[in-house]
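Visitor: Add chains B and C to chain A, keeping to what the hints say.
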Amino acid sequence: MNLFTILISTIFVNNYVLGRFLGVCPFLGVSNKTETATGMGIAVTFVVTLSSIITYIIHHTILIGRLEYLQTIVFILVIAALVQFVEMVLKKISPTLYNALGVYLPLITTNCVVLGVAILNIQAEYNLIETIVNAFGASVGFSLALILIAAIREKFEIQEIPKALEGFPIALITAGLMSIAFLGFNGLV
Amino acid sequence: MKLSKVFFNGVVKENPIFVQLIGMCSVLAVTTAAKNGLAMGLAVTGVLIGSNVVVSLIRKVVPNKIRIPAFIVVIATFVTIVEMFMKAYAQDLYNALGIFIPLIVVNCIILARAESFASKHGLLASAVDGLGMGVGYTLALLILSILREFLGSGSIFDIQMLGPSFEPAIIFLMPPGAFILLGILIGIFNSIRNKQASKEVLQKEEAR
Amino acid sequence: MNETIKLALILFIITAVAASVLAISNSVTSERIAEADRLASERAKMEVLDIAEEFKQLDENRLKEIVGDNTNITEINEGYKGSDLVGYTFNIEVNGYGGPLTFMTGISKDGKITGIKVLVHEETPGLGANSTRPFFTDSFKGKPVDSEITAVREPKADNEVQALTSATVTTNAIVDGVNLIRQIYSEKLSN
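Chains as they are written, first to last, in the numbering used here: chain A, 305 to 493; chain B, 35 to 242; chain C, 5 to 195.
Hints listed in this document are in silico derivations from the structure and should not be mistaken for laboratory results.
Any given hint might turn out to be false.
Stated by the list, open to error - Lysine-lysine pairs mimicking DSS-like chemistry, simulated, CA-CA at most 30 Å apart:
{"hint": "1", "chain 1": "A", "residue 1": "Lys459", "chain 2": "B", "residue 2": "Lys238"}
{"hint": "2", "chain 1": "C", "residue 1": "Lys145", "chain 2": "C", "residue 2": "Lys113"}
{"hint": "3", "chain 1": "B", "residue 1": "Lys154", "chain 2": "C", "residue 2": "Lys10"}
{"hint": "4", "chain 1": "C", "residue 1": "Lys145", "chain 2": "B", "residue 2": "Lys99"}
{"hint": "5", "chain 1": "B", "residue 1": "Lys39", "chain 2": "B", "residue 2": "Lys238"}
What the hints assert, rightly or not - Each pair of labels, with its calculated beta carbon distance range:
{"hint": "6", "chain 1": "B", "residue 1": "Leu157", "chain 2": "A", "residue 2": "Thr400", "range": "35 to 45 Å"}
{"hint": "7", "chain 1": "B", "residue 1": "Gly156", "chain 2": "A", "residue 2": "Gly369", "range": "38 to 48 Å"}
{"hint": "8", "chain 1": "C", "residue 1": "Asn163", "chain 2": "A", "residue 2": "Glu372", "range": "38 to 48 Å"}
{"hint": "9", "chain 1": "C", "residue 1": "Glu46", "chain 2": "A", "residue 2": "Phe460", "range": "49 to 59 Å"}
{"hint": "10", "chain 1": "C", "residue 1": "Gln61", "chain 2": "B", "residue 2": "Leu196", "range": "53 to 63 Å"}
Remember, predicted model here, so these are calculated numbers, not experimental data.
Here a beta-carbon is modelled for each residue, glycine too, at the ideal position from N, C-alpha and C.
Isolated chain A, as found in the complex:
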């Protein structure tokens, strides 16, 4: 599969949030403001791409052959360590962003997109370059969906919404409509 196809496919056609249901928790949880959404998107892109490279290397050098059943444990530990690292770096470089993301930063560890992409890279038997492109595309797709829904939810602040639908329900219904829109990308590749 050529690299451009992978990129278009992961960002639009099989968007990881709207099409594959990965990363829904932060998608609904962090999307109240576009600034936090953008910050989260950047952080996730960094973690996903870097962790995909590291897990790829670990899988192909250590695990392959006899230790494949340790994949889940090893991958999630790598991700947890990486997120700790990003937390420390972010605290030094941009304390404002660090505070804005709050508890959602360590929660990147449990973001399905990170572990999901790492596992899917191995399943699809991508080489290292394809892995990097896939990881980057997946996280850009996630960020795109996140920023889009944050922009919409900002408008909800000044709307009259039935009390029962406030918060998650209306966000989910919005996500459903966005998902229908993204279905229109079918046939692009």
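Guide: Relative to chain A, chains B and C alone:
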């Protein structure tokens, strides 16, 4: 701590899906068919009980600073065991659930219960909490997957319910349907809870 | 410094215990998993080439000879009834709509497609996932290998098979794969 209270807390009052609103990814992904939803619910319940028990057992030994990575290791171990046994004894279900089996590791429900309950309570209570949350989760999955399977393919647990002249609305099997149905379900649950809450306020007023 | 080492040590012990538990679990289940895989594969071969009773897989060199550059054909089996060669099964990987799709095709010695079976897929339920249903796979049965297969809404002619509604990518991926197998069979195996 009354055990039955702990159990029903997980099923209704703090239902992970409808009330706490966590663990969503898997709910949307595997509920295309009732039997998939049930299988996932059982798998997660198994991991929940197992990890809650072990976390409760080691809670006094694990230093605070490394408790999260330690919990993650425990959870990942149980998930891998479930994975292996499913692959060995229920391959069709394993293939149907696909990548969402290893993703049970990052299902927020399990880490949340380990952190907020099992690390602070005894063995039996933690096990029952795991069971309660698991049952609550499975119920939510069952409701959503029965709805989606019925509207999207006209069947429930693979048994065709409606005649061939029924055109199923395939959108419910696809991502948009999942999002919208779940949103509506949570909305309904919220409205029931709101009515319940205002009834309780009225009762308190009248009691004065 | 001492504290960090102590923390790391405890974490290491927990991980080591976990890894050993998994190693035990692995040894308990791995045989069963391999057996389940083997059974599933046998069942699939029986389904696509039901006139055969036994199957013999072609070795790597012979496989490479036959498929040449078409390395997406990953396995070929000879089907025997008693000592007679009655047909072949082909495993092929194509690009479906939601991801890679693996399916098997059976071709009998008298030049007919005996069946197809989708093994692994990531297609949309209700659309591309219908490629696992009999109304689709049965339409391939009995089609001759000498003419190109096409998918249409209402198959009538000898070389027409059932198309999947709103799942053109899936249908085309499978039909193209079948045509490739047809070609390979006619050129290399139908002597």
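Visitor: Please test the hint of 35 to 45 Å on the beta carbon pair from Leu157 (chain B) and Thr400 (chain A).
Guide: For Leu157 (chain B) and Thr400 (chain A) the Cβ distance comes to about 44 Å; the hint holds.
Visitor: Taking the CB of Gly156 (chain B) and the CB of Gly369 (chain A), does the distance hold inside 38 to 48 Å?
Guide: holds (42 Å)
Visitor: If you draw a straight line from the CA of Lys459 (chain A) to the CA of Lys238 (chain B), is it 30 Å or shorter?
Guide: violated (37 Å)
Visitor: For Lys145 (chain C) and Lys99 (chain B), compute the direct alpha-carbon distance and say whether it is at most 30 Å.
Guide: Since the Cα atoms of Lys145 (chain C) and Lys99 (chain B) sit roughly 63 Å apart, the hinted pair is violated (cutoff 30 Å).
Visitor: Is it true that Glu46 (chain C) and Phe460 (chain A) lie within 49 to 59 Å of each other by Cβ?
Guide: Check passed, 56 Å falls within 49 to 59 Å.
Visitor: Next pair to validate is Lys145 (chain C) with Lys113 (chain C); report whether the Cα-Cα distance is within 30 Å.
Guide: The given pair, whose Cα atoms are some 14 Å apart, holds under the 30 Å limit.
Visitor: Measure nothing beyond the straight line between the CA atoms of Lys39 (chain B) and Lys238 (chain B); if it is 30 Å or shorter, mark the hint as holding.
Guide: holds (22 Å)
Visitor: At the C-beta level, are Gln61 (chain C) and Leu196 (chain B) separated by a distance inside 53 to 63 Å?
Guide: violated (44 Å)
Visitor: Starting from Lys154 (chain B), check that the Cα of Lys10 (chain C) is at most 30 Å away, please.
Guide: holds (23 Å)
Visitor: Go ahead and decide if the range 38 to 48 Å is satisfied by the Cβ distance of Asn163 (chain C) to Glu372 (chain A).
Guide: Holds, at about 43 Å.
Going through the hint list in order, the structure does not satisfy hints 1, 4 and 10.
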